[in-house]
Amino acid sequence: MSRLFQAMKKGVMIMRLVSIVFAFMLGISIFAIPQNDAIAFTEQQISRGAYGDDVIELQARLQYLGFYKSKIDGKFGYNTYWALRNFQEKYGLPVDGIAGAKTKKTLSGFSDYDEGWVKAQLNAGNQFTYYGGTPLEQQVKPNTGGGGGGGKSSGSSNNNGTKTQVPPKYTDRDVQLMANAVYGEARGEPYEGQVAVAAVILNRLESPEFPNTISGIIFQPLAFTAVADGQIWLEPNERAKEAVLDAMNGWDPSENALYYFNPKTATSKWIWSRPQIKRIGEHIFCS
Amino acid sequence: MRTMLVILTAAVIGLGAYSINMHGKNASLQRTVLAQYTDSLTDASEKLSHLQRAVSQSLLFRDDNAIHNELDSVWRLSSDVRSSMSNIPIGQEVSNDWLSYLGRLGDEAKKTAKTGDFKAWREKMPQVSTNLQALSDEWSSATVDFYKNNGKMDVWLRQVDTKNPNTTFDNVHKTLKDYSEKDFPLTLSESDWQKKMDLKALQDSDITEKEALEKVKQLFPIIKDATFTVTKSSDTAPYPFYHIQFHQDIRLGYVDLTEKGGHLISYLVERPVDEARLSQDEIMKKAEEYVKRLGMNDVAFVESRENHQAWHVTFARVHPGDNALIYADGVQLKLAKDTGELLGANAMEYIQAETIKPQTAKPIDWKTFFDDDVKVQEVKNIYTDNGSFEQRLCYEVIAVRDKNAQETFRVVIDAENHNVLKVEYLT
Numbered sequence: 001m002s003r004l005f006q007a008m009k010k011g012v013m014i015m016r017l018v019s020i021v022f023a024f025m026l027g028i029s030i031f032a033i034p035q036n037d038a039i040a041f042t043e044q045q046i047s048r049g050a051y052g053d054d055v056i057e058l059q060a061r062l063q064y065l066g067f068y069k070s071k072i073d074g075k076f077g078y079n080t081y082w083a084l085r086n087f088q089e090k091y092g093l094p095v096d097g098i099a100g101a102k103t104k105k106t107l108s109g110f111s112d113y114d115e116g117w118v119k120a121q122l123n124a125g126n127q128f129t130y131y132g133g134t135p136l137e138q139q140v141k142p143n144t145g146g147g148g149g150g151g152k153s154s155g156s157s158n159n160n161g162t163k164t165q166v167p168p169k170y171t172d173r174d175v176q177l178m179a180n181a182v183y184g185e186a187r188g189e190p191y192e193g194q195v196a197v198a199a200v201i202l203n204r205l206e207s208p209e210f211p212n213t214i215s216g217i218i219f220q221p222l223a224f225t226a227v228a229d230g231q232i233w234l235e236p237n238e239r240a241k242e243a244v245l246d247a248m249n250g251w252d253p254s255e256n257a258l259y260y261f262n263p264k265t266a267t268s269k270w271i272w273s274r275p276q277i278k279r280i281g282e283h284i285f286c287s
Numbered sequence: 001m002r003t004m005l006v007i008l009t010a011a012v013i014g015l016g017a018y019s020i021n022m023h024g025k026n027a028s029l030q031r032t033v034l035a036q037y038t039d040s041l042t043d044a045s046e047k048l049s050h051l052q053r054a055v056s057q058s059l060l061f062r063d064d065n066a067i068h069n070e071l072d073s074v075w076r077l078s079s080d081v082r083s084s085m086s087n088i089p090i091g092q093e094v095s096n097d098w099l100s101y102l103g104r105l106g107d108e109a110k111k112t113a114k115t116g117d118f119k120a121w122r123e124k125m126p127q128v129s130t131n132l133q134a135l136s137d138e139w140s141s142a143t144v145d146f147y148k149n150n151g152k153m154d155v156w157l158r159q160v161d162t163k164n165p166n167t168t169f170d171n172v173h174k175t176l177k178d179y180s181e182k183d184f185p186l187t188l189s190e191s192d193w194q195k196k197m198d199l200k201a202l203q204d205s206d207i208t209e210k211e212a213l214e215k216v217k218q219l220f221p222i223i224k225d226a227t228f229t230v231t232k233s234s235d236t237a238p239y240p241f242y243h244i245q246f247h248q249d250i251r252l253g254y255v256d257l258t259e260k261g262g263h264l265i266s267y268l269v270e271r272p273v274d275e276a277r278l279s280q281d282e283i284m285k286k287a288e289e290y291v292k293r294l295g296m297n298d299v300a301f302v303e304s305r306e307n308h309q310a311w312h313v314t315f316a317r318v319h320p321g322d323n324a325l326i327y328a329d330g331v332q333l334k335l336a337k338d339t340g341e342l343l344g345a346n347a348m349e350y351i352q353a354e355t356i357k358p359q360t361a362k363p364i365d366w367k368t369f370f371d372d373d374v375k376v377q378e379v380k381n382i383y384t385d386n387g388s389f390e391q392r393l394c395y396e397v398i399a400v401r402d403k404n405a406q407e408t409f410r411v412v413i414d415a416e417n418h419n420v421l422k423v424e425y426l427t
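Protein chains in written order, with the numbering used here: chain A, 1 to 287; chain B, 1 to 427.
So that you can see chain A by itself, here it is in the shape it has in the complex (with noise of 0.2 Å):
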C-alpha cells in the first residue's frame, strides 16, 4: 500500500515537473516570438524619409496592431510616422518616431508579418489592408488595373511594389509620364540628357507659357516628337526614371532651358530663332 502510495506520490511529482517544464517551455516560446520576429527586420534603423522592404514590414506590423490605417507603400511618410509615434507611446517606448532596434524588437513581439503575402499583394497592385484578427482574404481586393498597397493610382513601381518617393507637389502618375517621355525623347542620349529633358518638362510646368499641368504638357499637341510618333508609349527603364527623380529634386543640366531641339532633325525654322543655351549628346538647349 505505501508502495503504491509512493508510486503515486512519485507519479504525481512527475506530473507537477512535466507541467512546470511545460509551462517554462511555453513562456520561453512566449517570449522567444519578439526574438525570432525581429530578425525579419534589417538592423538598420529607420526614420521618416527611408523606403523599401523595412518600411513595407514597419508599415504591415503598424496595421496589425491598428496603428496604421493608410495604404502600405513602403515609404516612411507622415502617416507612417504618426502612427509609429502612438505605437511608441502606448507601448511605453520613447517617443520619437523612429524605428530603431527596441521599438522593432517591441512592435515585432506583439505583431505578426507574413511577407509573402504582403509582397506577393504588392507586386500584383492589389488593394489590401493587414489588420490583425481578420483573415487575410477578406482584406484584399483584386487589382482591376490600378496601382498597388491599398491605393487607388496607378503608378511606377518596382520589383517588390513600392513607389518612388517624389517630392509632394508630384505624383507617381507625373514619373511615370514624365519618365515615358524622356525615354521616348532621349532614351540614346546620355544620362545628364536625359535629366537635361525631364528638367524641360517642369521649367515649362513653371512658366506662364505652357499647360499647368505635367500631362498638358507632354501632350501638347506638336510639342514633343515622341508623342507624334508614338515612341512616347514604350516601356521606359530604369535609367529615364532616375532622371526623372533627378529632376524632379531640382537638378537642371538644362539651366533653365524652355525647349529643345535635335540639329540633324529639326525642321522648323522659328527652334532656330529661340536663344541657345547649351549642347548635350545630340540636343541643343534653348531658352
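Note that these hints are calculated values from the structure, not bench results. Since the structure is predicted, the reported quantities are computational estimates derived from the model, not experimental observations. Among the clues, some could well be false.
[What the hints assert, rightly or not] Examples of chain A residues lying across from chain B (beta carbon under 8 Å, computed):
#, residue
1, G66
2, K69
3, S70
4, W82
5, P190
6, V195
7, L205
8, P208
9, F210
10, Q220
11, D246
12, P253
[Said to hold, decoys possible] Computed list of lysine-lysine pairs in DSS-like fashion (alpha-carbon distance at most 25 Å, straight line):
#, chain 1, residue 1, chain 2, residue 2
13, B, K224, A, K169
14, B, K232, A, K264
15, A, K269, B, K174
16, A, K102, B, K174
17, B, K422, A, K169
18, B, K375, A, K90
19, B, K292, B, K215
20, B, K357, B, K286
21, B, K200, B, K152
22, B, K215, A, K169
23, B, K196, B, K177
24, B, K215, B, K286
25, B, K111, A, K169
26, B, K380, A, K169
[Said to hold, decoys possible] Just so you have them, the derived chain A footprint on chain B, three or more residues with Cβ under 8 Å:
#, stretch
27, 45–54
28, 250–258
29, 263–271
30, 295–307
Even for Gly, the Cβ is constructed at its ideal location relative to N, Cα and C.
Assemble the complex: chain A is given as a structure, and chain B must be docked to it using the hints.
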C-alpha cells in the same frame, strides 16, 4: 502555273481589302482627332468672346459683391480658354503667347479679388477689354480657314506648318506680343526673380577654364583624375557658365560652374549602385559633411527621400537674423545608397541669396485658427514666396486632422498678416 496565278490573285485581293480597311480606319481616326481639335478651337473662340465680355462687365460695378462675381468669371474663363488653346495644334509661338496672356489676365483677376484693389483693376482693364476684343477679332479671321478643310487633317496641319514662315497666325502672334508687354508688364519682383533664376546679377570676376577645372577637382576629389571635356555656354545663354563633362572608370557625369566667380551650379554622376550598405543615419551624417565641404556653412537640413539607388537630401540657407529657413535658397544633394558617395549636388538657387526685408512674426492662437479635430504637431519659421515673388516670413505648420482617418497637412501661414499661402496634403 495556274495555281500560282490563283494564289497571286488571292494575295492581291487580300492585300487590297486589307489596305482599304486600314485606310478606312486611318481616315476615321483622323476625322475623330480633327473633330476634337475643331471642338477645342470652337470652344476657345466662344469663350474668348465671353472672357472679353466678362472683363468689360467687371467695369460696370462699384458694388464689391457684384465685381467679385465678374472677377470670378474672368479668372474661370481665362483658365478655360487657356486649357482649350493648349489643346489646339497651332504653332508653339502663338500658343505660348496665348497661354501667357490669358494666364496673366486670370492672375490679375485673382489678385484683385484677394487684395480688393479694385481701383487698379478699373484703371487697367478698359484698355485690356479693347485689346481683347481686337485679339478676338484677329483670332476669328485667322481661324476661319480651319473650318473649311473638308474634314482633312493634312489641310489643318498645312496651315500651322512650322516650316512655312507666313502662317495665318502671324498677325495674332504680333498683336499678342504687343498687348502682352503693354497690358501685363513684368513687375519689379518678377524681374528680380527672373534675374535670380538667370544668375544675371552675379558681380564676381570671371574665372578661366583652367581655374574652373581646378575648382572642380578641389570640390569633388573623387574625380580629380578623370578625363574632362570643358565647353562654354552659348553666347546667347542668359548667363555664362562652364559645362564640364567627365569620365572616370565607372563614373560619367558633368559639373556646371558659373563663369563669374566659379560658383557651383550643379554636379551629377552616373555610376552603377550596389545594394544599400549604409544606414539612414550614416547617410545623413555624410550629407552634412558634404555640404560643409562644398563651402555651404550657413545651411540646415530640411528633408530627405530614399529611392532604390540613392538618397536625395535637401538643405536650405538659415537666415542669420532669426534662424528661419529660406527655402528659396535651397541646396540638394544625391548620395549613393551603397557607399554614401556624393552622386550629385545642385546649388543653382543657393548661389544668389534672397533679399529678405525685415518682417515681424505675430503669434497665432492655433486653437482658434484650426478646427477642433486638428492637432498642431510642429511649427517652424521659414521664408517662402507669397505668389507675388516676395519672400515672406511664415509659420510652417505640420497639422494632423484625426477624424475618420489620420491626415497630415503642411500649412504655410504668413507670420505678419496671417494669410494662408500654401496647404499641402502629406502622405
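Results for each hint:
1. G66: Because about 12 Å separates G66(A) from the closest Cβ in chain B, which is outside the 8 Å limit, the hint is violated.
2. K69: holds (5 Å)
3. S70: holds (7 Å)
4. W82: Constraint on W82(A) satisfied, holds at 6 Å.
5. P190: It holds, given that the least Cβ distance between P190(A) and chain B is near 7 Å, below 8 Å.
6. V195: holds (7 Å)
7. L205: violated (12 Å)
8. P208: holds (4 Å)
9. F210: holds (6 Å)
10. Q220: Where the cut-off is 8 Å and the nearest Cβ of chain B is about 5 Å from Q220(A), the hint holds.
11. D246: Constraint on D246(A) satisfied, holds at 7 Å.
12. P253: holds (6 Å)
13. K224(B) - K169(A): violated (37 Å)
14. K232(B) - K264(A): Roughly 21 Å between the alpha carbons, so the hint for K232(B) and K264(A) holds.
15. K269(A) - K174(B): OK: K269(A) and K174(B) at ~17 Å, within 25 Å.
16. K102(A) - K174(B): violated (69 Å)
17. K422(B) - K169(A): At roughly 11 Å apart (the allowed maximum being 25 Å), K169(A) and K422(B) satisfy the hint.
18. K375(B) - K90(A): holds (18 Å)
19. K292(B) - K215(B): OK: K292(B) and K215(B) at ~15 Å, within 25 Å.
20. K357(B) - K286(B): Outside the cut-off at roughly 34 Å; violated.
21. K200(B) - K152(B): violated (48 Å)
22. K215(B) - K169(A): violated (34 Å)
23. K196(B) - K177(B): holds (24 Å)
24. K215(B) - K286(B): Status holds; Cα separation ~21 Å.
25. K111(B) - K169(A): holds (22 Å)
26. K380(B) - K169(A): The hint holds at about 20 Å.
27. 45–54: With 0 residues closer than 8 Å to chain A, the stretch 45–54 of chain B misses the three-residue bar; violated.
28. 250–258: Contact hint for the stretch 250–258 of chain B vs chain A: holds, 4 residues under 8 Å.
29. 263–271: holds (count 4)
30. 295–307: Answer holds; 5 residues pass the 8 Å Cβ test.
Comparing the model with each earlier hint shows violations of hints 1, 7, 13, 16, 20, 21, 22 and 27; every other hint is respected.
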